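J.: From first to last, the protein sequence lines stand for chains C and H. If you're matching positions, the first sequence starts at 66 in the working numbering and goes up one per residue. If you're matching positions, the second sequence starts at 66 in the working numbering and goes up one per residue.
Hints are not guaranteed to be accurate.
Copies of the same chain look alike in the list, so a pair counts if it works inside one copy or between any two.
Pairs of lysine-lysine, DSS-like flavour, derived with a Cα cap of 25 Å [unchecked claim]: (1) Lys414 - Lys308; (2) Lys238 - Lys387; (3) Lys212 - Lys79; (4) Lys430 - Lys397; (5) Lys430 - Lys414; (6) Lys122 - Lys339; (7) Lys397 - Lys107; (8) Lys107 - Lys212; (9) Lys164 - Lys428; (10) Lys328 - Lys364; (11) Lys357 - Lys238; (12) Lys339 - Lys398; (13) Lys174 - Lys307; (14) Lys308 - Lys79; (15) Lys205 - Lys322; (16) Lys204 - Lys79; (17) Lys164 - Lys307; (18) Lys164 - Lys387; (19) Lys238 - Lys79; (20) Lys205 - Lys272.
Simulated from the structure, these hints should not be mistaken for laboratory data. This structure is a prediction, so every number in the text was calculated from the model and none was measured.
There are 2 protein chains.
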Amino acid sequence: MLFNNGNIESVQLKSLLRITRAISHVRDLHSLITLLASETSKVLDVERSTVFLYSSKTDELWSYVAEGESEEIRFSASRGIAGSVFRNEKTLLLHDVSKDQRFNKTIDKTTGFITRNMLTAPIINSSGVCIGVFQVINKKEDNFTAKDAEFLEIVSSETAVTIENVRLLESRKRMFESLIKALTVSIEARDPLTAGHSFDVTFLSGKIAEYMNIDSDTRETIYYAALLHDYGKIAVPDSILKKPGTLSDDETAILRKHVQHTKIILSSIEFEGKLDQVPVFASQHHERVDGKGYPDGLKGDEISIGGKIIAVADVFEALTAKRHYREPYSMKKTLNLLISGIDTQFDRKAVLALRDYFIDIGKVKWEEVPID
Amino acid sequence: MLFNNGNIESVQLKSLLRITRAISHVRDLHSLITLLASETSKVLDVERSTVFLYSSKTDELWSYVAEGESEEIRFSASRGIAGSVFRNEKTLLLHDVSKDQRFNKTIDKTTGFITRNMLTAPIINSSGVCIGVFQVINKKEDNFTAKDAEFLEIVSSETAVTIENVRLLESRKRMFESLIKALTVSIEARDPLTAGHSFDVTFLSGKIAEYMNIDSDTRETIYYAALLHDYGKIAVPDSILKKPGTLSDDETAILRKHVQHTKIILSSIEFEGKLDQVPVFASQHHERVDGKGYPDGLKGDEISIGGKIIAVADVFEALTAKRHYREPYSMKKTLNLLISGIDTQFDRKAVLALRDYFIDIGKVKWEEVPID
Chain C
66 MLFNNGNIES
76 VQLKSLLRIT
86 RAISHVRDLH
96 SLITLLASET
106 SKVLDVERST
116 VFLYSSKTDE
126 LWSYVAEGES
136 EEIRFSASRG
146 IAGSVFRNEK
156 TLLLHDVSKD
166 QRFNKTIDKT
176 TGFITRNMLT
186 APIINSSGVC
196 IGVFQVINKK
206 EDNFTAKDAE
216 FLEIVSSETA
226 VTIENVRLLE
236 SRKRMFESLI
246 KALTVSIEAR
256 DPLTAGHSFD
266 VTFLSGKIAE
276 YMNIDSDTRE
286 TIYYAALLHD
296 YGKIAVPDSI
306 LKKPGTLSDD
316 ETAILRKHVQ
326 HTKIILSSIE
336 FEGKLDQVPV
346 FASQHHERVD
356 GKGYPDGLKG
366 DEISIGGKII
376 AVADVFEALT
386 AKRHYREPYS
396 MKKTLNLLIS
406 GIDTQFDRKA
416 VLALRDYFID
426 IGKVKWEEVP
436 ID
Chain H
66 MLFNNGNIES
76 VQLKSLLRIT
86 RAISHVRDLH
96 SLITLLASET
106 SKVLDVERST
116 VFLYSSKTDE
126 LWSYVAEGES
136 EEIRFSASRG
146 IAGSVFRNEK
156 TLLLHDVSKD
166 QRFNKTIDKT
176 TGFITRNMLT
186 APIINSSGVC
196 IGVFQVINKK
206 EDNFTAKDAE
216 FLEIVSSETA
226 VTIENVRLLE
236 SRKRMFESLI
246 KALTVSIEAR
256 DPLTAGHSFD
266 VTFLSGKIAE
276 YMNIDSDTRE
286 TIYYAALLHD
296 YGKIAVPDSI
306 LKKPGTLSDD
316 ETAILRKHVQ
326 HTKIILSSIE
336 FEGKLDQVPV
346 FASQHHERVD
356 GKGYPDGLKG
366 DEISIGGKII
376 AVADVFEALT
386 AKRHYREPYS
396 MKKTLNLLIS
406 GIDTQFDRKA
416 VLALRDYFID
426 IGKVKWEEVP
436 ID
């Protein structure tokens, strides 16, 4: 018996090692909690584990991960054993659930599963708030021990940490992204005729990147760079930005400086690791592959992939939109214009990707946009 | 012996529960790793634990937490047992370090500590990169076992997760904050004469909040709100924003609309929990406690604490700075003007806090800024 205890714990330690390693490796919350549940079922030798989370909107507990069930389980947070543990915030060990009045028989009726015994621990976050419960059902041999309860409490704690970290990271990301969108909207608010330009360029850049099979990190970088590519226009005076007629040479020079402003402003932002190319991508959207672009006259592969893609999307969007000084071009005319600029103004692959996209969604026909 | 093993493991499980609970409760990284180290020393019954982190800049390992040492320990990442574990990324158990050639004797010489035996585990992050090592020294009775190594690997894994999460959260926060600063700079770039205004208002708002003993969450909210309070000016045309003379009634109405723009733009940002009052604080800086302000004519406590504080800082900064239409006011004159506006334009406590701050730093004398 003592020997047995010793073994069980060694198994538990090994399992905790696998769990903590998983937490440090898996970034997707659902996969991670699923893994925690299956690891727990294995170590505690039970038929199934369920992780219920609390929804404050509906005052319900719902199964974020439910082993053996394809349907979501959802019930009032004041019902059943889970509801009781959720409210009391204390681990509960029940050797025979049929003897407990709190047991909610309707779930077994619905799922067809027969619950014999049950161990349930609260999931408590860093603010001391209970955010759900971790429940293991039907110990296969013998019954639950106090040590099993200890183990489940560790796993519940790991679950709380994991959920909270992922939520915090996601909310910080949403905050950052919404801020970028807000400033994209606000820069465009200065000129109603260009409103929506950056969002359209962002959408098209995403499509080009998708058709070019660009990896997801680079696509995320392109996404932010496209949203922000014209941000430097904030430093261009209204008199030039909104001028209905042709710009003088001096005015053109000032307008062109917006890419440098974009670079300077964006370079002061401490973009996270993989996103550090945002300022580069954003400020190269007026470069040309033949080296005749601005601001740096970069040639071919001196221009970043993001710069090449945003350049194509930017010109496409500008030509097909109404401007102060002219009516919009047709899609066919615009695409042919981009095609004629291949290897001089534009990157070949980026133009072909955009053309293929519009053919695929049926906006132009193959034969209307021929390549030499 | 078996009984003993059983106990040791139960102690280990309890310790892991304390550790995971701490991880879910403590937000400060250094306190957390210190706790992990002391918990580990207790459970493994060793004289001291040290957590070394790798610095890629200097290619060194340095003691982020070193029990029993007040000085930082720092050495080349290619030296010693720690360096070896760092490079090989494998846990190493040494019953007698004196027999190991890799052992770096200079550290014991420097610290005066005598190392007998040692257990060292690599700290590996989610990308599989080794970011440091966790080292425990001098088991008090017997020597290290394979189970001790297992335990240390769990703790190292927890350490990796914790460090990575905190770093990720911090880098995301820096990214967000630097973006806000970038847009604050860019909005002010439109008018060189007001450049720096928002940063000065932010600094002064912080001082007022500090002197009013405002809690840290609210101060953080005030910080962002003050940086962004004039962001709505992005929607005000140059012709009004930069007009050197007096504004007409129509122009004034347009200029005043900047607070509504601030509110609309900021409301589209998904501020994290406690920061959700940023749009409210930012858009109330032209309200007056007597209800004669704009945009909503709020009275007294209908105005948020942030709105009241930023209002005082904003007027102080505007009056003491040079403007298109007048020379700067003296500090004494400005403070007396604010004092005369107490309970009509301004909140009493906010004005007194600013006055006390300037008295404390010796910029004005008590008797120069009297209160009735």
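J.: Name the hints, by number, that the structure is in violation of.
T.: When the structure is compared with the hints, numbers 1, 2, 7, 9, 11, 12, 13, 14, 15, 17, 18, 19, 20 turn out to be violated.
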